[in-house]
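Residue numbers (this note's numbering), protein chains in the order written: chain A, 1 to 498; chain B, 1 to 107; chain C, 1 to 470.
In short, the hints are calculated from the structure, not lab data. Model, not experiment: these values are computed from the prediction. Honestly, I wouldn't trust all of these hints.
As the list claims (entries may be wrong) - Straight-line C-alpha distance at most 25 Å; calculated SDA-like pairs for lysine to any residue:
id : chain 1 : residue 1 : chain 2 : residue 2
1  : C       : 129       : B       : 62
2  : C       : 79        : B       : 85
3  : A       : 97        : B       : 103
4  : A       : 49        : B       : 87
5  : A       : 79        : C       : 221
6  : A       : 79        : B       : 86
7  : B       : 45        : A       : 354
8  : C       : 129       : A       : 250
9  : A       : 79        : B       : 92
10 : A       : 70        : B       : 36
11 : B       : 45        : A       : 357
12 : C       : 79        : B       : 68
13 : C       : 129       : B       : 105
14 : C       : 69        : B       : 103
15 : B       : 45        : A       : 49
16 : B       : 45        : A       : 250
17 : C       : 221       : B       : 105
18 : B       : 45        : A       : 319
19 : C       : 129       : A       : 97
20 : C       : 79        : B       : 18
21 : A       : 70        : B       : 96
22 : A       : 79        : B       : 36
23 : C       : 69        : B       : 62
24 : A       : 79        : B       : 103
25 : B       : 45        : A       : 320
26 : C       : 129       : B       : 91
27 : C       : 79        : B       : 74
28 : C       : 79        : B       : 22
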Amino acid sequence: MAPVIDTLRLTAEEAATLLEGGEVSAGELRAAYLDAIAERDPQLHCFLKTVDESEGDGVPIALKDVISTKGVETTAGSKILSGYVPVFDSTVAARCKDAGLQLLGKTNTDEFAMGSSTENSAFGPSRNPWDPTRVPGGSGGGSAAAVTAGMAPWALGSDTGGSIKQPSALCGNVGLRPTYGSVSRYGIVAFASSLDQVGPVAKTVRDAALLYSIIAGRDRCDSTTAELPEPVRLPEGDSLAGLRIGVPTELNEAEGIEPGVREAVRKAIELAEGLGAEVGECSLPRSVRYGLPCYYLIAPAEASSNLSRYDGVRFGIRAEGESYQELVERTRDEGFGDEPKRRIMLGTYALSAGYYDAFYGQAQKVRTLIIDEHREAFDRFDVLACPTSPTVAFPIGERAADPLAMYASDLLTIPSCLAGLPGLSIPCGLSDRLPVGLQLIGPQFGENLLFRVGHALEEAIGFDTVPLRWRTRSDPVRGQIPARVGSDPTGLTPEETV
Amino acid sequence: MSGLSLTLTQFPMAISREEVLHVAGLAWLALTAEEVDRLTGELDKILDAVGIVAELDLADVPPTSHPLDLVNVWEEDVPRDSLALEDVLASAPEPENGLFRVPTWRQ
Amino acid sequence: MTWEPVIGLEVHAHLKTRTKMFCRCAVGFGAEPNTQTCPVCLAFPGALPVVNRTAVEWTIKLGLALDCKIAEHAVFSRKNYFYFDNPKGYQISQYDLPSCMNGKMILPTAEGNRAIGIVRAHIEEDAAKTVHVGGRTGRIRGADYSLVDFNRGGTPLVEIVTAPDIRSAEEAKRFLQLLRQTIVELGISDAEMEKGTLRVDANVSVRPEGSDELRTRTELKNMNSFNFVARGIDAEIARQIEVWESGGEVRQETYDFDATTGALTPHRAKEEADDYRYFPEPDLVPVEPPVELVERLRAELPELPAARIRRLEAELDLDRAIVLVTGGLDRLWADSVAEGADKIAVANVIANNLVGAGIDPDAVSAKELARLVKARDRIPRFVFDEAIAKLGEPGFSADPYLAQEAVSDEAELEPIVARILEANPGQVAAYRGGKDGLLGFFVGQVMKETGGKANARVVSELVRARLNAP
């Protein structure tokens, strides 16, 4: 009898074990996910493309559509790359292939990874599996929603200002934004070169660590990568004794953080104390006050340059034009959506003659301040903790017309991105029946520490990654792990047990 | 932006419609009139918000271009395989005799 | 009013590395279009540059040869603009923190050493090649459409910018010859203008002599040889002087110089200067050359052309020394002198016959050259010329040429001399009347009579003796 594969609950590690033990074949596993996609994706719209067949006899994986995949269309969520089929693999896609992972498909993204809700995709928004009237976050909403909805056991996303962490928080799963320079950007459709990083999206911290170990490490094709100073360690254990957790005041109390979010995060930090951690306050005043402005100068500036290659000459769509200039200008106006245009304009302005010093130049100096502020915090603490997103998932359409409101979604993720530091988001509870993410920020190349802390907390919190609307009472698998400390850390009814 | 003071800006940074047109010219974006109007309003607000970086006196602070402190990353001068021509032209909108065709430059 | 030209040069040399500057596609001429390309030099989405180490080292070496300060911290920058041949929409170059700065090249002149400032030397990548189809001239004006070949795109270039220290077109030419020879001797580039591996743009302005103001300058482009550069500069100087003297003002413009017509054609007037929006290239990390590397490269420098010119000047005159050194043939000269050749004579032979003839100096035997030069009075002129022309061939020997003696027998030559003088009484009278130059005419006639086989020196003496006799 064919095994029943519950893709909503199966972790990648479990899938790998099933494959190794011969309990399930690669084809059966693939079929289970394709079935789940057929069933749920019409509503959630996570996938821009599914791949019928893939080499590889390992665990299936979904890749955000900014990740070049040889022979498989890669659009970066933009009309301008409709029909573009790369003739080369990105390094991360190649490493996944080498590890035997099967490509399921390419997931939806805000256009050129610019956005916080996946509503900027030229191919329509993705929806949050917890509540399809709400956004899954962005820009990597497709990958995060796919993992939560059991349409992929894990996925790769890309994070520039929070595009992995924030969707994971809004969709209730684990997302890692790695240390800048630990994962290759070769073949990733570039948004902001000094900020972009590819990272894992998964149900558990161990899965995230496993996937990170597959993709991380220096790449000769990306001059900004470095060898990892130590090998990736899959986390075990439950004690946080000796760990010093810093709670940056500004990141935890910023205006705009919903009370339910603040509460869930506070409780998670308390849990950490119960596991032996020492918790203390720290301050990152300028990182928070100037983080968003700094980011929204540097990222668009780099993007405005990175997007100049989209001209209709060598690939992608081409508009009509009597002259070369007309052709290029029209291709770009027709092919780019509003958000890329906004950012190209903003970035070009910030770099232009007479404005460079006040805008881009100044932002680069602010970046130095932010790096220094974080470094000082890490003198006293091992890990920093705060909410990942100020709010839970918001309704589709609510912020789409107000760019500044949308940018504010990244308030808490941006500062550490500017500092090039790794950040892990793990689900820590619910607020208004929607997931809340806890952000753990580490020092450079501190991924192993983040995994250890994340894993211990994850076990203690016992969050059920299956969306409420899909849970059944008799469900025997995950979700019933009792909390280690206290009777009911989340304050939820048994029906909503986390 | 939430968490930031929106009202206190020492250097009001308005952007005019003219400047928007100039920037669109630099960026080779053929904006429609509607887009120019809309973008002028949006960019004005955004620039106002991001412009607070000017509050800080950072004369002695060095800029950061790279968050990871690497130097001297390079490769030996040894050739590697180039792409096959069919791959080079695979996505070309208008290939011609192995070259990429474009309309010519006109003023 | 006398005017002083103020000239600066921007020189691009194509480094002859094996691979491109930011990817490992092979560099080389003659390949089928678009067959030496990859995602990086095609600017496909997601492609990233990787620096060519040799190109960096060679640029530093050139900087050392130009007496530059080698930057301890050099940064690549993006220069943003749209053009067919620039697929990323930006060129990776170096802007405010280049690899080499503040050097100089010494031009030996009769009046002493002229130091021409080198503001900077930096690394960048070359653009792709575009063919314009449909127009009459194959140029962009009037073309119907264009075709782009990305093979050349990404080739490493070093750009050298001089200070506006050059004061004449002739000086510009000498500077370029010396610079070119320096570059070639470092082994980093073939630096041939005709082949496009060396490109020169000139920035020209003029000012009243004696003042130190800097007036508006124009840029001259698209000149294909050092001679054309000099002529273009002269033409532009003249044009500018006329503008100022007629009460006008020179405008900042770019001109193409057409060597055949001598015309200066301005590029289409731009409404505004390009705003390249330079910023540090985020995909590449800075270059901080280790001290050991810089010292190793410094130790590898050969004795540079300028120094050799000064050394040779002690034995030859300055012009001759310059010609030999910038022609890359001074070592051949020295070797030939060591083999016994007269130093002035062999310098003349080399300068007049070998420089610019495309001969590979290493292929020429100094010994054979010396033997020929020693015998130059003894063998017929046409035999000598033939031998010189074949000097570069493999296995060349002077033997067959040396075997042919010119006729020196006075008894044989006298009657011919007499006959020529008799046949040209008018010229004889003119000579005796003071026109010494006509000696050459008579000698030439005798040589013609003897089919070139006579010994020209002997003939010359016989003719002179007869003409001077009462």
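Checked hints:
no.	hint	result
1	C/129 with B/62	violated, 39 Å
2	C/79 with B/85	violated, 28 Å
3	A/97 with B/103	violated, 40 Å
4	A/49 with B/87	holds, 22 Å
5	A/79 with C/221	violated, 40 Å
6	A/79 with B/86	holds, 24 Å
7	B/45 with A/354	holds, 20 Å
8	C/129 with A/250	violated, 54 Å
9	A/79 with B/92	holds, 16 Å
10	A/70 with B/36	violated, 38 Å
11	B/45 with A/357	holds, 20 Å
12	C/79 with B/68	holds, 23 Å
13	C/129 with B/105	holds, 14 Å
14	C/69 with B/103	violated, 45 Å
15	B/45 with A/49	violated, 37 Å
16	B/45 with A/250	holds, 24 Å
17	C/221 with B/105	holds, 19 Å
18	B/45 with A/319	violated, 31 Å
19	C/129 with A/97	violated, 37 Å
20	C/79 with B/18	holds, 24 Å
21	A/70 with B/96	holds, 24 Å
22	A/79 with B/36	holds, 21 Å
23	C/69 with B/62	holds, 22 Å
24	A/79 with B/103	holds, 22 Å
25	B/45 with A/320	violated, 33 Å
26	C/129 with B/91	holds, 20 Å
27	C/79 with B/74	holds, 21 Å
28	C/79 with B/22	holds, 18 Å
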